[in-house]
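Those protein sequences? They're chains A and B, same order as listed. In case it helps, the numbering used here puts the first sequence at residues 1 to 120. In case it helps, the numbering used here puts the second sequence at residues 1 to 210.
Derived from the structure by calculation, the hints contain no laboratory data. None of these values were measured; they are calculated from a predicted model. A few of these clues could be false.
Unchecked claim - Below, computed lysine to any residue pairings styled on SDA-like, alpha-carbon distance capped at 20 Å:
1) 48(B) <-> 58(B)
2) 93(A) <-> 192(B)
3) 93(A) <-> 48(B)
4) 93(A) <-> 47(B)
5) 97(A) <-> 48(B)
6) 93(A) <-> 74(B)
7) 74(B) <-> 31(A)
8) 93(A) <-> 150(B)
9) 97(A) <-> 195(B)
10) 97(A) <-> 58(B)
11) 93(A) <-> 190(B)
12) 93(A) <-> 188(B)
13) 74(B) <-> 97(B)
14) 74(B) <-> 28(A)
15) 2(A) <-> 119(A)
16) 97(A) <-> 3(A)
17) 74(B) <-> 84(A)
18) 74(B) <-> 119(A)
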Amino acid sequence: MKWLLIALIVIPGTIADVLNATGMKRNGEVYDFRPRAIFRLIASLARNPYIGVGVLAMAVSFFALMSLLSIANLSFAVPATAFSYVLETALAKYILKEHIGWRRWAGASLVGCGVLLVAI
Amino acid sequence: MRFDNRIAESLKALQRLLANSPKRKWLLMTHDRGDSDERQLSHEFPAKMLGSCRSTATLAAGVLKNQSQPLRLKTRSVIALLVASNVLGNFTLSRGLHEVGRLVSFSPWPYMHAFVNPLVILGVLLLIVGLISQLSLLSRVDLSYVLPVTSVTYVLTALMGEFLLHERVSTERWIGIGLIGLGVSLVVRTVPRTARRYYKYGDLPYEAAQ
């Protein structure tokens with residue numbers, strides 16, 4: 001049960017981030033932060049299939065985290081999310097075609113280790 | 001407003017200056033090189049010439065065009081907004097949920113009940129602000145840049161526990177905070193956007209449309 005919930009946190013969470021990144025890159029750069037422009041942005045995002053599925057996957061991951069926290073300790077739940085920093089960096093390289101140099105690899109690994117230590 | 005008008009006047013004067021002065025030579029040269037009748041200048045340029053700053057030139061240009069300007073935020077401001085709203089949102093939400101009591105149920109009613117609590121509402125609103133700023137950040141910057149940089153939230157949450165709630169922060173936590181800081185300082189030194197850009201023509205990447 002615990003491992004199923006961990007899978008339900010990591011996999012939809014990762015998919016959500018990759019889909020959101022793709023959807024937002026296709027939607028174009030956001031540069032106007034006035035309230036009316038924000039509402040227009042939300043309206044256009046609601047019609048964007050990438051963002052729709054991405055936010056749905058985000059919700060799945062969030063509720064799985066809530067259920068995991070109610071049956072297990074934080075120190076069991078967080079290492080999985082810490083691992084996703086490195087996993088998502090790898091996916092960003094191969095799916096989103098981002099150029100990832102040593103600084104980003106080292107940074108993502110350090111942040112993952114740090115999150116692990118902070119949560120315990 | 002009067003100040004903006006004065007800058008607008010100076011911009012008009014600059015227009016005249018460019019039209020009939022030695023600057024004409026520069027204009028003609030760029031005209032030949034650019035091979036078009038229109039020159040696009042950034043607001044930085046008239047600002048430099050008037051000895052003022054870029055934002056003033058933007059305001060003045062807005063007065064000239066007699067319309068409101070978009071509220072532009074720099075990427076770093078959006079990151080700060082995202083981090084602040086996530087930290088405060090999580091804090092107020094957990095405070096509010098503690099007030100509500102235990103929430104382990106498959107029926108939706110206890111969750112509905114939780115939404116009457118003002119702290120819960122505030123927390124959810126802050127998290128929505130966080131989501132929108134994260135999405136707008138992703139529209140400009142790489143995913144592999146956004147993720148490590150926004151992990152500053154863990155650091156701030158831990159520090160808030162130490163200084164506001166007077167929880168003891170253990171040695172492991174301090175080491176973790178140090179590692180996150182080190183990782184973020186490495187990632188911040190990379191170019192924020194390396195991913196390919198999509199162009200609106202037929203929704204194809206630029207290379208494929210060639």
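Cross-check of the supplied hints:
no. : hint             : in the structure
1   : 48(B) <-> 58(B)  : holds (12 Å)
2   : 93(A) <-> 192(B) : holds (14 Å)
3   : 93(A) <-> 48(B)  : violated (40 Å)
4   : 93(A) <-> 47(B)  : violated (40 Å)
5   : 97(A) <-> 48(B)  : violated (38 Å)
6   : 93(A) <-> 74(B)  : violated (25 Å)
7   : 74(B) <-> 31(A)  : holds (9 Å)
8   : 93(A) <-> 150(B) : holds (19 Å)
9   : 97(A) <-> 195(B) : holds (6 Å)
10  : 97(A) <-> 58(B)  : violated (35 Å)
11  : 93(A) <-> 190(B) : holds (15 Å)
12  : 93(A) <-> 188(B) : holds (17 Å)
13  : 74(B) <-> 97(B)  : violated (34 Å)
14  : 74(B) <-> 28(A)  : holds (16 Å)
15  : 2(A) <-> 119(A)  : holds (18 Å)
16  : 97(A) <-> 3(A)   : violated (30 Å)
17  : 74(B) <-> 84(A)  : violated (27 Å)
18  : 74(B) <-> 119(A) : violated (31 Å)
The structure is inconsistent with the numbered hints 3, 4, 5, 6, 10, 13, 16, 17 and 18, although it conforms to all the rest.
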